[in-house]
Each structure stands twice: as C-alpha cells, then as structure tokens.
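Chemist: Please take these sequences and the hints and turn them into a complete structure.
The primary structure of each chain is shown beneath.
There are 2 protein chains.
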Amino acid sequence: MTLSDDRPEVFRRYPLSEDDLDVIHAQAMRILENIGTEVHSDVMLRMLEEAGQRVDGTRVRWDAGFVMDQLSKAPSQFTLQGRDPRHSVTIGGGSLVHTPTGGAPFVYDAERGRRDGDLESYVELVKMAHASDILPVLQSGTTEAQDLSDLSRHLEMDYAILRWSGRPYILYGATGPRTRDGLALAAIAAGGEDALRRQPAVLGIVNPNSPLVWDSLMVEELMALAEFGQPVAITPFLLAGASAPVTLAGGLSLLIAETLSGVAMAQLVRPGAPCILGTFLNGVDMRSGGPSLGLPESTLATLAGSQLARRYGLPLRGGGGLCSGLDMDVQTATESAMSLWATYLAECDLVVHAAGWIEGGLVASFEKLALDIEVLQIFERMRAGIAVNDSQLAYDVIEELGPGGLFLAHEHTLEHFRTESFMSPMFRSQAYPTWVKLGSPSVASVATSQWQKLLEKYEDPGIDDAMDTELRSFIDRRSAELEA
Amino acid sequence: MTLSDDRPEVFRRYPLSEDDLDVIHAQAMRILENIGTEVHSDVMLRMLEEAGQRVDGTRVRWDAGFVMDQLSKAPSQFTLQGRDPRHSVTIGGGSLVHTPTGGAPFVYDAERGRRDGDLESYVELVKMAHASDILPVLQSGTTEAQDLSDLSRHLEMDYAILRWSGRPYILYGATGPRTRDGLALAAIAAGGEDALRRQPAVLGIVNPNSPLVWDSLMVEELMALAEFGQPVAITPFLLAGASAPVTLAGGLSLLIAETLSGVAMAQLVRPGAPCILGTFLNGVDMRSGGPSLGLPESTLATLAGSQLARRYGLPLRGGGGLCSGLDMDVQTATESAMSLWATYLAECDLVVHAAGWIEGGLVASFEKLALDIEVLQIFERMRAGIAVNDSQLAYDVIEELGPGGLFLAHEHTLEHFRTESFMSPMFRSQAYPTWVKLGSPSVASVATSQWQKLLEKYEDPGIDDAMDTELRSFIDRRSAELEA
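Line by line, the protein sequences are chains P and L.
As numbered in this note's numbering, residues 1 to 484 make up the first sequence, in order.
As numbered in this note's numbering, residues 1 to 484 make up the second sequence, in order.
It is worth saying that the hints were derived from the structure and are not from the lab.
Any given hint could turn out to be false.
Copies of the same chain look alike in the list, so a pair counts if it works inside one copy or between any two.
[Said to hold, decoys possible] With a straight-line cut-off of 25 angstroms between C-alpha atoms, the simulated SDA-like cross-links for lysine to any residue are: (1) 453 - 287; (2) 437 - 111; (3) 437 - 329; (4) 437 - 110; (5) 437 - 112; (6) 453 - 136; (7) 453 - 288; (8) 127 - 106; (9) 437 - 193; (10) 437 - 115; (11) 453 - 329; (12) 127 - 54; (13) 453 - 428; (14) 437 - 113; (15) 437 - 106; (16) 457 - 287; (17) 437 - 114; (18) 437 - 401; (19) 437 - 105; (20) 457 - 21.
Modeler: Now the structure itself:
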C-alpha cells in the first residue's frame, strides 16, 4: 500500500486533512488554468471570452480568480417547491434528501422478470416512490419507457411525475432541448414561467464528459436550467483508472476542476443559479472495465467529496444504494449498505438513486426498491439518535423489576416499543425451524409483497383539470413537432 | 418519535453529548448504590464485604467511590502474546482486532449442509481463520464439537487453537472450572504459570445475567481470569425490552452498572487485571422475542458504548458481522454490514464474531466466513484512507492525456492499480449477459470456492513436540477426571 496511515484516527470519517484539501484545490486550479477544459458550445465560448477567459478554439483556459468569484454567487441552500406546495423540500446543510434510481433501460420485478423498461412499469415506480414517505424528490426516467418513441418520450416521463405525484423531481433532461421541454411542463405546473423562475421546482443533472470535456448537450442543458434558476447537479462521471487517474487524489482534483467550471458557467448565465457539487467517483473493476460500486474507492471519494463541497459552500449530491450486484444477493446488499453509509456519513444533501438501483444502474428493480426503502428507514432511525431523559432512562422501572427482572410485559415496554423497537418485514429475528415450516421464504419474496403493498397504498393526489389539459396539450403539440 | 433531534449533525457518529454521558453515569452509580446487584459467590461476597460494600444475603449494594477507585486500576491497553510470539496483538486505543464467531451449536457449509457442530468442522474453521490475515485473535468454540463429551469438550476446543494456530484466542470458558482448565493449557503453551501471569495470552468473556445478576459460573470465571492476569471482556447480554428497558438510555445505564461492578471484582482479585467493556445491547424483535441484530438499536448502542468505554479508559468489545438472517441473503448481508460499520465507527478494540456468524449466532457458516473476510478487507482498505502526494495527484498524467483522455492503458494506471483498485472475487462488476452465459453463479457459490481456497492455503505452523506431549497429557488426565 502506498497510502498514508500516519493519522491518529483508525477509521477516518473524513479522509482528507486541511492541507490535503488545499493541495487538491490548488491542483484543480492548475488544471483549469494550464490544461483547461473543452467547451463545445459557441454561445458559451463567446460568453466565456467576454468574461476574460482564454479561449482557443473549443479549449478554455480558466482564470482561477474568475472561477472562485463565480462560485461565490452560488447559494449553499435552496428550496424546491413541488406542484403540491406541501411537498416542498430544502436542499443544503446536510439535508439527506433521497430520490429513486433513474436512467435504467431495463426494469425487473419477480413476477414479470427482467425486461425493457416501459411506461406502465415506470408509472408504477413513480406511484411506489410517491407512496413512500422516504423519497421526497422523484426522478424522471426511473426506468426508460422504451415502448415510447425516443424522440418524445421525455415529455411523458416528466408528465407522469406531475400527474401521479406532485413532488419535486429530477428532470429527464439529457439534452438542452429536452430540458427546455421539461422546463415548459414544470412552468405550467408552477403557474407560468415567471413563477418557475422565482421558485425552483425541478432539478437537473449534468455530467461533464470526464476528463475535462463539456459537450454541447450538457452545456445546453446547464444553460437552460440556469436561465430558469432551476438547480443543476454537476456530476462528473469519474472512474479511477479510466476517465480519471487510478489514484483518488488525482480524480478529486478533476472532480473540482470540472464541477467548478460548470458552476462558473451557470453563474455566468444567471448569477445565483443554484448548483450542486456531485460526486460520482468510483473505482474500475479491471476484470471487466465496469465501475466498482459500494467499494472502498466510492466510499472514500464520497466522504472526501463532502469535505470539498463544504469548503466550497455548495450542496452535495451523492449516490446511495449503488451496487454492481446483478441479483437480490449478498453482493448487492453489501454494496448498497456501504454506499448508503457513505452518503449518510458524508451528509449528502441530495442522494440520487437511493431506491431501486441494481446491476450497476442498468435495471430499476421493484424488489430492490422495497429493500432500499427498508434500509433507508434503518438509517432514519439511527439519525434520530438516543434520547436521554427520565422516561428513557427508566430508573423506576429498573428499580421495580430489580436484579433478574424481565422487562417484556412491563407497562414501560408496552408504552414505548412501537417507537423504540425497529421492526421491518424484511429484517426479522425468527427461529430456523419456524422459517423452514413456512417453506423458507426468501427475503426477496418478502420484498415482492412489500412493493405490492406500496402500490396498493398509493393514492392519486389528483390534478387540477385545467392544468392537466394545459400539460397534455403542450405534450401533444410538442410531440407532433418532434415526431415530424 | 420521542427521540431528541435538536442537535446539529444530521447523522450522529457519536449519539451522546457530554451531558448525556454524565446522566447515564449518574444513573449507573445510583443503580449500584440503591438497587445493587446479585452476586452468587460466597468467596466474592466475603471479599466485597471486607472491601466495605453493603452485602445483604446475595445482594451487594456498591459504593460508587469504591467502584470508580477500582476502575482506575484497570489498564487502557494490553498485549496478548500467542504461542508464537510473532502473533502478539495489542488491544486498546481503537485497535479493531477481529475474531471469528464463537459459541455456535450448529455449523453450515453449502456442501455438507446445516448440521450439529463437530470437531472436524471446528478444526477446519480454526485453520481457515489462521489462514486469513484479518483475524489476529481466534475464538475457542467457533462451533461446538457436539460429537465430543460435554464434560471435557472444552479441552479439545482450546487445544485445537494451540495446536493448529498459535495466535492468541478467546478461551472456551463458560464456567470457573473450564476456565481454569483453559488457563492450565495456556500456561503450558506460555512456558509455565508464572510466564502466563506475567503476559496475557488468552481472553475470557463473561456475561452478567442481565439485569444485575452475577451468577456463580460467571463470577468464578472472572475470578480465575483476573487471578492469572488474563483479560476479561465483561459483556452484559442486554436486550432492550427483555433484559433491559426498551429505551436505550436505560439499557446503557445497566450496561455501565454491570460492567463496572465486574471490573471492580476483577481488580479486587488482582489490581491491574485487564478488563474490557463489552457492548451487546440490542433490540428485541417483538414478533419472536429474539434479538434484533444489525438494526438501529445495535448500532446506536455500539456507538454510545464507545463513548462510555473511552470515558472510563477501558478497551471496548463489540460484535461485528452480526445478523439475524438465516441464509446467505440480503437480510444477512445488510445486517452484517450495518454491524461492522458500527464497530468500525466505534473503533472497537476487540470485534468478536466478525467472521462466520449467521442465524443469530446459532450457526457458524463457512460461506459467511468467506463473505465476512472480504467485507473486512473492504473496511481495511477504507481505513487506509486517501494519500495526497505528487504520485497520487498525477498532475503530469492528467496534463499528458488532456481533455477526453483515457487513463486505462497509461503507465501510471498499470503501476498503481494493484494497490489502488479494490478487487474481490465476490464483489465484482460484470455484464448481465456474461453472467447468464456462465450459468448465473450465485455469490454464495463464489463464497464456497473462497473458503475452500482458504483451507487449501492453510499451513500447519507446527508445534514443539515436548509442548504438545505436555498439552496432550494434561488433556488426557483432566478428561479422565471429568468423565469419571
């Protein structure tokens, strides 16, 4: 191991020292100034040149002072207002807001098997997320509706959340024009473009093409979001050993260079546009070339990303519940738990893909969604901590029962166990012979019944008829244009 | 929820404030002074009376000043020396020393199925633990050799570790006489009783019968260990809602009352006897009455136990890899990962049951052992942290490859990936079609091949013939006495 281990703490919740943070920052600035980034957008290149940056063809060499000035305009916290204002969510300050998985081309549940994503399954995923209390922000395209035309699919994906939920959500996005379509729908739900510009309702995610390339799709998406004042999570897709150096320190310097150049562009479009620092820095499994998820590189990068986000005063986006596992198995569960611990300890403000992610994100799994919701509940209980007061200390009960006493039937236990004892259909203590007598039901089968219950529990929040008509007519008109 | 949530941190690595610690300490002292504990040992009762404690039949009401004076004699750190001195291990200061599971009446592997523990399986478990680098302390009775007589079994269980390993270990113990037999074997391996008294070689675990009962078996074991200066991990078996109040604060006060009264007794036998504060405070699954493992109560109690152990200057024992799960499934893996995160964040000095535990500890599983070893390696890599230096920052490589570069084939990647990229046979990123083509091998089947490789890798460390003869003749003589 070439790794330093001279610091006192045995487990380093925060892997970087203040000096380390300075060194990584300095390298990020050196990268921006000397190497620069590609920017494939004529409009943005012109804006950057006007702002005094050195532009040479599509290469931009950034002035560190300018980048840091721009950064200072970004807020450290903002509020997203859903179609239903009761679902408003604040992002920032360690807010730990979780979203379901997104972008999966395939979908799985135990009854229908692994298949191409489709609108029916996607709407079910939206409804399940809405029925859960633990996913306050949804994600458009949890699974891809591959039964819809690729040209206009994004409209139906965003609409499904507006129609069947009402919570804030991550836009389908992926290109500038699609983002503008999504913003048009969000504006209808917000009561007009001006209303939307005043109050963020949706989030967008842009991924620079690491290392150091801002392609046109992403710059246009970023510009559209910033123009409307909607938050953008800038998330370089960094794989240590592929799109980044295999050594994490180098990858972190790229993460900062790419993110802060993105923040600078957003602020240039609209000073004060909300930006999020997104960490997705993972190792590579050198046997397959695929990303290693939930493994040490990911955890360390998330924790280091947290330190960096705090330093720059930006909210932090992390990925929770991530795994490379292909099945509901011990690999999937271990990797997922590892990645959720990382996002919890890092106090990520926005935790994307926290429920339903399996197979490296290629599949949105109904059973995994049910499992993740249970695991998130475990974390939420841990967050609540330990209360120390007379009722919790229970001295009188201890005295009354005395040595050898049994607390099981005592009134104090009956009074408190519902809030104090964590109980879950999937995490239970049962005797092996009992379990065998029941036919050894797998935890995966419990997960199946759990998502079915969630779907049954779902209640249509309804939508104002006029608003729905306006949304549908926009979609019809725009689909026709796109399909033409 | 009646839980406090007014503290700023969103996830509380350390759930208790300084004030909380004071209040729990005060209640523990109040319990010891006013309620007291049962102590079922005439010898110990006499010693306590002579030391000025209020003894009323078998009830002892403790003087808080006396208890804290006794506590001050216990060391915060000590070294265990194995039969082979190269295997010496220091416990204390956040040492995170892991042991295999212990006390399982049953054993499981995929080839032979779930069955009663037997000597053959037990010896295999000893050899696998020895063949791993990550379990520096072994545990006698990883599975119970039910094919041996209950009267003399303990001798063979301790002997197997002395013969096939040479690392320090947790004694079989469980009663005073068995502990004395184990100490006699350890003394032979140490080169005599005096040598053993000078240098700890083995550890004992005693569990007060919670709440507040010290039964004769445990007091005699504690006295034997203290007499020989061998460390004793005092681990109240507290189930919130059964042997403790359902509210954690109450359980923590019992944990302290029971542990510190045990420390006081050990110091009375031999001032300076090494003692460990053991946490095993878990919730109860009210559906079955069984313990909830790896769930929020356990994690919070382990983290709080860490704060208390540091306050009292005692090394901390926790349980890692614990689960209620009955199979190699997502429940087992999630619970295990949760409990290992707790012991890592708590910086437990001794992590008992860290490999092989399944089914609430009733079964020692070969496949689970292989899985746990992989997961421990993930944690060890995380402990190593992130190095920040020129070679790791790799500025020159980033500059050379520039925007859009691919690091995969670069010399820097080839030079570093073996130490930087965590790779494991169980945690891998592979494409679904490839996996299906291979027959969809389960992670459990990978675990089977992993423990088989571990067993093949095992090398007999050998033992001095004269020492072995002495050990065997003690066992033969003592077995004959016990069976008579």
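Chemist: Any of the earlier hints contradicted here, and which numbers?
Modeler: 9, 12, 18 and 20
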